[in-house]
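**Student:** When you number the sequence shown by my numbering, it's gap-free, plus one each residue, and the end is 1386.
Hint data in this document are derived by calculation from the structure and do not stem from the laboratory.
Cβ atoms here follow ideal geometry from the backbone N, Cα and C, with glycine treated the same way.
Among these hints, one or two may not hold up.
To be verified - Restraint-style ranges between C-beta atoms, simulated for each label pair: (1) P1349 to R1304: 18 to 26 Å; (2) A1307 to G1286: 33 to 41 Å; (3) G1197 to A1170: 41 to 49 Å; (4) A1280 to D1173: 25 to 33 Å.
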Amino acid sequence: MRRVGILGGMGPQATILLMQKVVDGIAAADDADHVPLLVDQNPQVPSRIRHLIEGTGEDPGPVLVGMARRLVAGGAMALAMPCNTAHHYAPAIRSAVRVPFLDMVELSVNRAARMTGSGGQVGILASPAVRRIGLFDAALARVGVRAVYPDDEPALLAAIRRIKAEGPGPEANAALRAASGELLQKGAVVQMIACTEFSLLQDALAPGAEAFDTLDVLAEAVKDFARADGEGDARPEEGHADPR
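Required output: the full structure, derived from the provided sequences and hints.
**Tutor:** Laid out in structure tokens, this is it:
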């Protein structure tokens, strides 16, 4: 198995959830059958929301680059980052290391395209920062899919902050369900859970939504990379890895 490095702490529970999904996805007969992971659980990464939405916070990019370099120095053969918004800084990470970056955005765009088909649309349940920076929009447009967002951004941002402070609870569940219902009304049946805080919620989507979680897509990519025989087995066109 090839070792994967995790740029974590954004938030801490989401990082643990990714690890749990990777463990649960392996049909293991013994410890040695599991994926080897190096994890930098760094909750002190500067706030992506403050930097991207409020324009007042420190740039997280240099901190993420430092984490990536430490993980590679420790033996990571690929990198994964369980935070959608932080993928805004993925170009800086890629330019700093010479190992594949398992891109949750590209992987999830490929999944959305398979589910909707060209000319379809996908609802995005995410931090308002994701919409403002167009994190998914250009990649979705390249595969002929249109992104649709809920209108009540303050409610989603409040839910994310509540989860970070208190953990998942009924108020956050209600906010996500309301947003999912709004997306259905806009015609977006296929919906993408694109915030790893929302990944912690259970049964929080509106009835009738066909949803997938970007964190599940990333967990699959981690397992695929770790179990591949050679670096060439992780083909970028299938969403497994960046070739750097």
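**Student:** Does each hint fit the structure? Answer for all of them.
**Tutor:** Checked hints:
1. P1349 to R1304: 18 to 26 Å: 23 Å, holds
2. A1307 to G1286: 33 to 41 Å: Holds: the Cβ-Cβ distance is about 39 Å, inside 33 to 41 Å.
3. G1197 to A1170: 41 to 49 Å: 46 Å, holds
4. A1280 to D1173: 25 to 33 Å: About 42 Å separates the Cβ atoms of A1280 and D1173, which means 25 to 33 Å is violated.
Checked against the numbered hints above, the structure violates only hint 4.
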